[in-house]
Structure formats: C-alpha cells, structure tokens
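Q: Starting from the known structure of chain A, fit chain B onto it as the hints suggest.
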Amino acid sequence: MLKIIRERIRQGHRTASYPKEAPVLPERFRGAPRIVPELCREGCGDCIKACPFGAIEGTANGPRLDLGRCIFCGACAAACPHGVLEFSRDHRLAARRREDLLAGADGHRLAGALEGEMRRLFGRSLKLRQVSAGGCNACEADLNVLNTLVFDLARFGIQFVASPRHADGLMVTGPVTENMRFALLETYAALPAPKLVIASGACAIAGGPFRGSPECHDGIGDLLPVDLYIPGCPPHPYTALDGLLRLLGRL
Amino acid sequence: MSPLRAAVPLANGGAVPLANLPLLGRGHFTGALLAEVAEGARVAACFAVPVGSALELYAVLARDAHGDLAILRTEIGGEYPSLALRCPELQLFEREIAEQFGSIPTGHPWFKPVRFHRSWNERDAWGRGLERPQPAVQEFYRVEGEEVHEVAVGPVHAGVIEPGHFRFQCHGEQIMHLEIALGYQHRDVERLLLNGPHPATPHQIETVAGDTSIGHASAWSQVSEALAGSDLPARGAALRLVAMELERLANHVGDIGALAGDIGFLPTAAYCGRLRGDYLNATAVLCGNRFGRGLVRPGGVAADLSDEQAAALRECLVAVARDTHGALELFFDTPSVLARLEGTGHVAVEDAAAVGLVGVAARACGLQRDARKHHPLGAYRTAGIEPAVKWGGDVFARAAVRQREIEDSLVLIDSTLAALPSGPVRAEGGAPRPKALAVALVEGWRGEIVHAALTDAAGRFSRYKIVDPSFRNWTGLALALRGEQISDFPLCNKSFNLSYCGFDL
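Taken in sequence, the protein lines are chains A and B. Note that the working numbering has the first sequence beginning at -13, numbered continuously upward. Note that the working numbering has the second sequence beginning at 57, numbered continuously upward.
For reference, chain A alone in the conformation it holds in the complex:
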C-alpha cells in the first residue's frame, strides 16, 4: 500500500490541459495540409503522380487534396519541387460532410456542431460503440489511448460502451471487409435511434491503403449515413478528440 502511494506521487499528475492548451506534436508530424497555389506550375502534376491513392486532383487553383483518401504519407509534399503543398503540425482535421474533406488553397472545412435536438441529446453525454471492420489495430489502439489518463475522454462526457444498446453512436474503423459487413450493419441496427455514425481513419472514410481491394468496401460511405469523418492513418488521438468535441459543439 505504501509503495503504491509512493509510486503514485512519483508518477505525478499527467492529464493534459487540452483543450485549454493546444497540444504540441512532434516536429515531423503531418497534419492539415497547407497549399499555396501561387507557387504551382501549370502542367507539372508531380504531386498527383506521387500519391499512391489518387487523393490529389489538379484544379484551376492548384492541387486539391482529399483528406478522406489521404494517409498522410507525405509523398506529395516530397515530390513537389516548388513547395506548393506541405503538411503542417495542425492536428485539426475532422469534418461533417465528405466534400468538406477536400483541402485546397483555403484549407478545408472543419466539423461544425450537431444541430437542434441531436445536440441537446448528445452534447453533454455521448456513448459510443466502436466496431473494427478490417482495421489494422492502429486506429483502434489510438482510440483506446483516449481512455488513458493523458486524454481522459470521460471528463468530456464521452465514453466507449460495450453494448450497442447502450450507445448513441457507432464509431467505425477499417475499410469494411466483406467478412465484417454483416456484423457491422447488425451492430448499427442494434443502436437505438436517434444515432450517430463516425468514420474514423482513412480506411473507414475511403478504404485507406486497401482502397480497391475486392475483399473491402472502400469505407462505410455506401453502407451507413456518416455524421463525422476523422482523417488520418491512423488519426492522432488529438485529431479524434478534436473531431468529437467539435461534433458536440464543445470547441
């Protein structure tokens, strides 16, 4: 007992002061892209060719990056000889609509809060049932991290629950393998209405590294109505937390 108390004092208080203070992420972290179209040379297309997942499109106003397809590998930024496209350390990425994930010169549109009755119901207390449908366990691991004392998810009134019957929303990871499709839809059906769906990670949004696999569905878009998209491969815990708090109108 004394040993436990001594160790407890030694380990100290470790819960981050987020959201009061912005998190400091590693120097090499790749977050929200910064696109400067003025530097872009017509007919270059190096960034488009460098992307393994076709996430970049050329527009009249420079490249446009689909944060849903992007796995933040940084190949595009490395390929661009003019410095048009680079990744900042900004962890804020989540969006409410699929088209809001298209990042151009003006960045992309961050998630807004739930409206009306949904916000009244879930704004202060949100219970989530997580389903991994082909996830590689990185998304799952970094969602679990939200339960550690660093993030302490429960202090925001958000909790992962065991039963879909106790849940207000479904948080899906993975590209949805054919072998998990049925279980995913059954779990969704078991949630009482009204309910939310969150696509967490590149796989759940658009298939991630497994986009195009005959055994996968390129994400949940065609299977479930999505209320929040959290980009990343996997999303940084702060990216996920930021998305959840935005959805609840808490940021």
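Wrong hints could be hidden among the right ones.
[To be verified] Below, a list of computed lysine to any residue pairs in the SDA-like style, where the Cα atoms sit at most 20 Å apart:
| # | chain 1 | residue 1 | chain 2 | residue 2 |
| --- | --- | --- | --- | --- |
| 1 | A | K35 | B | T257 |
| 2 | A | K113 | A | K35 |
| 3 | B | K168 | B | G183 |
| 4 | A | K(-11) | B | R378 |
| 5 | A | K(-11) | B | F321 |
By construction, these hints were calculated from the structure, which means they are not laboratory data.
A: For chain B alone, coordinates are given in the frame of chain A:
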C-alpha cells in the same frame, strides 16, 4: 543427393534463384522435411505457388541452431497426403493452402477453413458452391452432455478491439475446449501485392498488422534488399533497430498495463497506458507517425536523426524508462497481482514446440526462439541479444518475458543512440533479381514475422507470403484456456495479445 539433405540452405535475408531449388518428389520432400524437423528445424512458412495449371509447394525451415534457413520445394495436385499429424506445425499452413487453392490435404485431422474467403482459383476444398462463404459458418467442435454449455463470443467484442469469434465448450465455469474462428479482417493483402511492388505496397505492408508497422516494413524491406542486392548502411540499420525496439517497448508496456487492468490493479494500468503513448511519441520523433509509418524502407530508413535529436530522444527515454521501471516494479512486487498471474493459462513446453509457437508466447514456455539471436540481420548482428526465456508457460511467464524485454530494449536503444554510426541512412538498390526466392525473418514484438517473395522474369512479385506471429500463436491461446475458468479468458487473451488482421491478412 541424400533424401535427408535435400533442403537448400539460405541465410536469413538472402535470395536464391528458383533454378537452384530442385523440385523434389513428394516422398523425397516429406522425408527431408520430417528429418529436418526431427533435427530441430521449425517450419517458418509453408505456402503454395501456382505455376501454370500446377501447384508448387514451398517449405521454409528455420534451423535456429545453425542460424540459417532451408528451403524445400515440391509439387502438389488437387490432393496430397497431409503431414499435419506427423508435424503439427503444418496443420494451419495446409488449411491455408487448401482455402487459397482448393488443394486437399487428405487425412488432415482438423480440416476447416482459415479465413472464410473464396478460393483463388475457383476450386473449393470443402465443396462449397459458388456462394461466398460466411465467416465462422462451420462445424464447431462440440462437447455433449447434460451439464455442458456453449458460449459464443464475437465477432464484435465489448472493447475497442478487432473482431473474431470464440466458441467455448464449458462445464460450469470451466472451459473444456475453445475454438477460435477468424477471417473477419481479411483484406486480401497477399493478392494485392501480386505483380508488385506497387505504389501502395509499402502502405499495405505497414498495415498488415498496424501495431507491427515497423516489424512488417522491416521484413518487406529485407526481402526487397535481398532481391536488389543492396547493402544496408550502418546508420540506417541502427535507426531501424531503434524503431523496432521502440515498437516492442510500446506494445510490451501497453500489454503489462492491459494485464493490470484486467485484474483490477489500477496503478500500473494507468501508468502503463500513459507510458505506452510516450514510446509511440518517441517513434513519432523519428518519422512523424506514432506507429512508425513511412520510416522503414528498402535500403534503410526514410528519415535521419540529427545528433541533437538523438541526444534529445535519449534524454526523453531516460525519464520514460524511470517511470516504466516504477510501474513494472509495483506490478511484479504485489502478491495479489502475482496470485492472479501464476499458474493461469498454462501451455506445456511440448505443446508449444509441437504447434510452433513463436515470440513471447514461445519464450514464456521455455523455448529459445528469437530471430534477433538465431537469425540476426542489420544492427542485430552485433547487438548480442539474449532471448528472455521463462519456464512457467503461464500468464505470469508471458508477463515476465515482457518485463525482461522491456529492460533489454531500453538498454539497447540507449546504447545504439549513443553510438550512432555516421554515414547515409539509406542506400539505393539495383533492379530486383528475376526468378528468385527471397526470405526474411524478423523478430517483431509479438514474435517471428516471416516474409517470402518469389519474383517473375521481370523481378516483380509472382507470390508474396506473409506469416504474422499471430498465425502460429492463436492456437497457443486455445491451448492455454483448457481447464481454465471462462472468467479468466480476458486475462489469458491479453497475455498473448494477438493480432486479428495479422492472422487474417
């Protein structure tokens, strides 16, 4: 050539022209394989390769005592006699081959699908129609009796974890048998890699099992280096070792925390949950991603570390190590903790050897198995790894192996960062060798990862075989649960902490 010496030796991380691998007769192959196994070799991988309308079978044997591998090659048709009863390590490989190519191992004692997908060539080994097989739709082993009951769990579990199905045959609280049906995470990785490497290949490799991104990327890189004949620069090799050991630390520390959580010992659970994140953040210092994505690439690593960054990382790890020691000491010093771990989830050393367990699970049963010692590559050649072997075979032993490895990895990272060799971190390779087989074994945090690639005339992958340690070790979990209380399933499960997607591919 003597039938017993038919295997072609190959060093780990080496490549051999396919023309140098004799196509043995079936009896010759069987004799040689069983002789090698009798002399202590393990089956590191066994896979089929379609060649025209025929099917060739490759066995990669790991001869730990000699520090090398041995390759055997034969041809199988629509049916061949199973070796699973004589060499139980092969049982899952034979089922996998049957599921992929419809080739039936006759006399197999446990002939069931592995991942529940359609075969790759329209031939179904179980005579199922054209309809897609549904996961876990199979005959489960059943115990009959008035007081016997069956418990079915999954695919969707209670926590934030991957899906799988567990079927328990119980008498009261006691488990008589556990059968595990997986395949829910099957993304078809091996076929996506065909004719590669493609632009998406490194990213798919890193997400075979996302918690082992460094491990799988290292195995793939070593296969690629073997095919391209490139030399790994010393600095690149050292940084790879640092990344591998950080991955081991993050997961081992997380696992100890999870074990503590499962038995309700909250101090260590809380500290380790946080500390695991600190090791992931250290990995992100190297490459920006907590799971090491984009770091390990053929020829070395994609990002260098400046002297200041290396010094800062060392300093940061000193503080994290101090807290880690404190959290572990508390855990292993508390009698009520030990009482829950000792004797729980026991696997006998004979069983562990027979089914071919690897990694932490094998070492906890007293088996000397660590690719970093027996088949070292890169910076491990001079690292002087001594496998952390414990004898109990129970949850305690699996925790104790992790404890030792946490301590060893911390020392290893510190000494490597303190003396980083100078020079480049990555070397360019030549064109990949055509018509060759390359094999790489890597000791990931769970255990031995095996990648084997066959190339076509243009040097592209005509077959890419991945064996995640979880492929071997799920059987170990099923064995560990025999005779246990069903309420101890979570604890035993955490003590293995296996990958679903690594198994399902």
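Q: Name the hints, by number, that the structure is in violation of.
A: Hint 2 contradicted; others consistent.
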